[in-house]
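J.: Chain residues, written in single-letter form:
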Amino acid sequence: MDDIKILDAVESYIRGEMKPDERLQFENLRKTNSELDQLVVEHTLFLQQLNHFGDRKDFKASLNTIHIDLTEQGKIDSMRLKGKAKVVYLWKRYKRVAAIAASIAGITTLVISAIIGVLTSKPDDNVQQMSRELQVIKKEQKDQKADVNNLKDQINTDKKEAKKTIQFKSGGTGFLIDGKGYLVTNAHIIRNSKNIAVFNNKGEEFNAVLIQTDIARDIAILKIIDKSYKPMLSLPYGISKTASDVAEPIYTLGYPRNDIVYSEGYLSARTGFNGDTLSCQLGIAANRGNSGGPVFNHNGEVIGIISTKETESEGVAFAIQSKFIFDAIDQLKKGDTAYQSLKLTSKSSVRGMNKQQQVQKIQDYVFMVKGD
Amino acid sequence: MKPQHDEQALLEGLAASDRKAVETLYRDNFNMVQTLIINNNGSSDDAKDIFQEAMIVLYEKVRSGTFELNCQVKTFVYSVSRRLWLKRLQQQNRYSSPGDSMENVVAVEEDLEQHEQRNAEFDMMENAINHLGEPCKSLLEAYYLQKQNMQVIAANFGYTNADNAKNQKYKCLMRLKKIFFAQYKNGNGDG
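From first to last, the protein sequence lines stand for chains Y and R.
If you want the numbering used here, it's the 1-based position in the first sequence plus 1.
Going by the numbering used here, the residue at position 154 of the second sequence is 140; the numbering climbs one at a time, nothing skipped.
By construction, these hints were calculated from the structure, which means they are not laboratory data.
The beta-carbon is built from N, C-alpha and C at its ideal position, and this holds for glycine as well.
Some hints here could point you the wrong way.
To be verified - Mimicking DMTMM-like on lysine to aspartate or glutamate, the simulated pairs with C-alpha atoms at most 25 Å apart in a straight line are:
| hint | chain 1 | residue 1 | chain 2 | residue 2 |
| --- | --- | --- | --- | --- |
| 1 | R | K152 | Y | D9 |
| 2 | Y | K344 | Y | D154 |
| 3 | Y | K61 | R | E107 |
| 4 | Y | K61 | R | D149 |
| 5 | Y | K146 | R | D35 |
| 6 | Y | K32 | Y | D56 |
| 7 | Y | K61 | R | E99 |
| 8 | R | K152 | Y | E206 |
| 9 | Y | K58 | R | E112 |
| 10 | R | K6 | R | E(-7) |
| 11 | R | K163 | Y | D56 |
| 12 | Y | K58 | R | D149 |
| 13 | R | K123 | R | E99 |
| 14 | R | K152 | Y | E18 |
| 15 | R | K152 | Y | D215 |
| 16 | R | K6 | R | E46 |
| 17 | Y | K61 | R | E54 |
| 18 | Y | K143 | Y | D154 |
| 19 | R | K163 | Y | D9 |
| 20 | Y | K58 | R | D35 |
| 21 | Y | K181 | Y | E206 |
| 22 | Y | K61 | R | D(-8) |
| 23 | R | K34 | R | E120 |
| 24 | Y | K58 | R | E39 |
| 25 | R | K152 | Y | D154 |
| 26 | R | K157 | Y | E206 |
| 27 | R | K133 | Y | E23 |
Stated by the list, open to error - Sample of chain Y residues with no beta-carbon within 10 Å of chain R, all distances over it, derived:
| hint | residue |
| --- | --- |
| 28 | N65 |
| 29 | A115 |
| 30 | V149 |
| 31 | N259 |
| 32 | D277 |
As the list claims (entries may be wrong) - Where chain Y lies over chain R, by a calculated footprint (3+ residues, C-beta under 8 Å):
| hint | segment |
| --- | --- |
| 33 | 8 to 15 |
| 34 | 28 to 41 |
| 35 | 95 to 109 |
| 36 | 146 to 158 |
Just chain Y, with the same shape it has in the complex (with noise of 0.2 Å):
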């Protein structure tokens, strides 16, 4: 007997299916027969097994289709929880969270409120000083705002002698940063000035004032005021705010004498004099009304101002890092909204000219700064 039929013998003894005498014989073989008695037992387990799976699969898919039903005919409350009943369950369900929560919050709030209430113990006498110091305080200004509109109504009627015999005893020079008139220059150029007047590369003559100095930086921001001074609608160069990279040529413009002068060279370090880091080392021609001259890379950005040179070597220079002129000007945004719309650009439109081409673009916007 090959062994799929023993197997159909055995599927069908166990199912009662055998007649009486085929199933007299096969209890005999079963007797004698261990290995047949194993198999026996062993598959009507099996097959018990199987049935149970089935018959459990079965009642599984009615009671979802029966489930499904009920929900349709609305005879069973719907699936979904719907109005009322959902926010009862939410709130079961989350009402020991939420009662955490407001503990937590109501906690904090004491707690904060006590904090307050030390800190704050007599603010009436403190109040009542300061309201008195205020007092005295507008007074002292009444009287200030008295002597500066004296002042003013006597520097009014000296302006144009003052205006011709001003002696200028500080130069160097600046670039604009927007249109509009805004320069930046060394702050140690126009330092103690009371009067600064900026000359572009055709001679002619505005008078600016300082609105930003950085001392530490020896950054300055000033703005022209002059009526004949003609706004610019853009900049050829734009600023760069990243730092760069060592060997990378660049050049300037400046005004070491009364006309405008080009040098250019390399960036020998990023770090400037015994390692400061605000600054970055170069290596170029510069003399003293070089000061406050931007410095361009290749692509006619400004990477640097001009500041300073060693005095034992030649062909050292040190410039600020551009990126601290965005800081100057945040600051000035945030000490006078008058400024808001000053923009900076990073954009340069020269990129890709060569440097004749860069420099004929370019120095209509670099300036002599002169103070007294």
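Starting from the known structure of chain Y, fit chain R onto it as the hints suggest.
T.: Just chain R now, with coordinates in the frame of chain Y:
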């Protein structure tokens, strides 16, 4: 409250998988279980799961022929559902004792132990069948679960004759038995 003999008839219908009886039992008991689950941190999906599992417990109990109705069906279903839900809450670590411990419940621990055992066996069989792959799975399901005739199966599955189908079925069955008994012996050994 329904007379006792009505419930007996319902349970007989359940044992025979009679659709009408199952539907009646479902309709009469589901809302009660849903209320229980939702009042105890559960969702309506949880309620459906738990209720259907309780129905399976009842179904298998009546099918095994050892069910003696010594309480109302409602009470039995409620007790089983409550127990099952407590267990699930404990597993999910958000146990909160249902406040209705004074309600009418019967001891169902023994039934649930049997149910656990059957659950394990069901999972083993399901696992084994899913491991078989086609066409073995469909072939065996057609013969052993849907009790189809070998000739019909041969025609449906594209075998030239019933003997070929039988041959294939035999091979599949041997594989299934091997997989199943490997798990079964392991499972019982562990237990």
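J.: For each hint, tell me whether it holds in the structure or not.
T.: Cross-check of the supplied hints:
1. For the hint pairing K152/R with D9/Y, the CA-to-CA distance comes to about 10 Å; that is within 25 Å, so the pair holds.
2. For a cut-off of 25 Å, the pair hint linking K344/Y to D154/Y is broken: about 35 Å separates their Cα positions.
3. Restraint check for K61/Y and E107/R: satisfied, since their Cα atoms lie roughly 16 Å apart, inside the 25 Å limit.
4. Using a Cα cut-off of 25 Å, the hinted pair K61/Y and D149/R is violated, with the two alpha carbons roughly 34 Å apart.
5. Restraint check for K146/Y and D35/R: not satisfied, since their Cα atoms lie roughly 84 Å apart, outside the 25 Å limit.
6. A distance of roughly 32 Å separates the Cα atoms of K32/Y and D56/Y; the hinted pair therefore is violated under the 25 Å criterion.
7. For a cut-off of 25 Å, the pair hint linking K61/Y to E99/R stands: about 20 Å separates their Cα positions.
8. For the proposed pair K152/R and E206/Y, the alpha carbon gap of about 110 Å is over 25 Å, so the pair is violated.
9. Proposed proximity of K58/Y and E112/R is supported: the alpha carbons are some 10 Å apart, at most 25 Å.
10. Proposed proximity of K6/R and E(-7)/R is supported: the alpha carbons are some 13 Å apart, at most 25 Å.
11. Simply put, K163/R and D56/Y have alpha-carbon atoms about 19 Å apart, close enough for the 25 Å limit, and the pair holds.
12. Simply put, K58/Y and D149/R have alpha-carbon atoms about 29 Å apart, too far for the 25 Å limit, and the pair is violated.
13. Under the criterion of a C-alpha separation no larger than 25 Å, the hint pairing K123/R with E99/R is inconsistent with the structure, at around 30 Å.
14. As the CA atoms of K152/R and E18/Y are separated by approximately 18 Å, the hinted pair is consistent with the 25 Å bound.
15. In summary, the hint linking K152/R to D215/Y is not supported, as the alpha carbons are separated by about 96 Å, beyond the 25 Å threshold.
16. Proximity of K6/R to E46/R is assessed by CA-CA distance (about 18 Å); at most 25 Å being required, the pair is judged to hold.
17. Of the supplied pair hints, the one linking K61/Y and E54/R holds, its CA atoms being roughly 23 Å apart against a limit of 25 Å.
18. For the proposed pair K143/Y and D154/Y, the alpha carbon gap of about 17 Å is at most 25 Å, so the pair holds.
19. Distance hint between K163/R and D9/Y is fulfilled; the C-alpha atoms sit about 15 Å from each other, no more than 25 Å.
20. Proximity of K58/Y to D35/R is assessed by CA-CA distance (about 14 Å); at most 25 Å being required, the pair is judged to hold.
21. Between K181/Y and E206/Y the alpha-carbon distance is near 16 Å, which keeps this suggested pair within the 25 Å criterion.
22. Restraint check for K61/Y and D(-8)/R: satisfied, since their Cα atoms lie roughly 24 Å apart, inside the 25 Å limit.
23. Only pairs whose Cα atoms come within 25 Å are accepted, and K34/R paired with E120/R is rejected, the gap being roughly 32 Å.
24. A threshold of 25 Å between alpha carbons decides the hint, and for K58/Y with E39/R the separation of about 12 Å falls inside it, so the pair holds.
25. Between the alpha carbons of K152/R and D154/Y the distance comes to roughly 120 Å, so the proposed pair goes past 25 Å and is violated.
26. A distance of roughly 105 Å separates the Cα atoms of K157/R and E206/Y; the hinted pair therefore is violated under the 25 Å criterion.
27. With a C-alpha separation of about 23 Å, the suggested pairing of K133/R with E23/Y holds against the 25 Å cut-off.
28. Remark: the non-interface label on N65/Y conflicts with the geometry, its nearest Cβ contact in chain R lying 8 Å away (cut-off 10 Å).
29. Taking the minimum C-beta to C-beta distance to chain R, about 34 Å, the non-interface status of A115/Y holds against the 10 Å cut.
30. Even its closest Cβ contact with chain R, about 74 Å, leaves V149/Y beyond 10 Å, as expected for a residue assigned away from the interface.
31. No beta-carbon of chain R comes within 10 Å of the beta-carbon of N259/Y; the shortest separation is about 85 Å.
32. For D277/Y, the shortest C-beta to C-beta distance to chain R comes to about 60 Å, beyond the 10 Å cut-off, and the non-interface label holds.
33. Note: the segment 8 to 15 of chain R has 4 residues with beta-carbon separation from chain Y under 8 Å; the three-residue rule is met and the coverage holds.
34. Check result for the segment 28 to 41 of chain R against chain Y: holds, 6 residues qualifying (beta carbon to beta carbon below 8 Å, three or more required).
35. As drawn, the segment 95 to 109 of chain R meets chain Y at 3 residues by the rule of a beta-carbon pair under 8 Å; at three or more, the given contact holds.
36. Counting residues of the segment 146 to 158 of chain R whose CB lies closer than 8 Å to any CB of chain Y gives 3, which reaches the minimum of 3, so the coverage claim holds.
Violated hints for the displayed structure, listed by number in ascending order: 2, 4, 5, 6, 8, 12, 13, 15, 23, 25, 26, 28.
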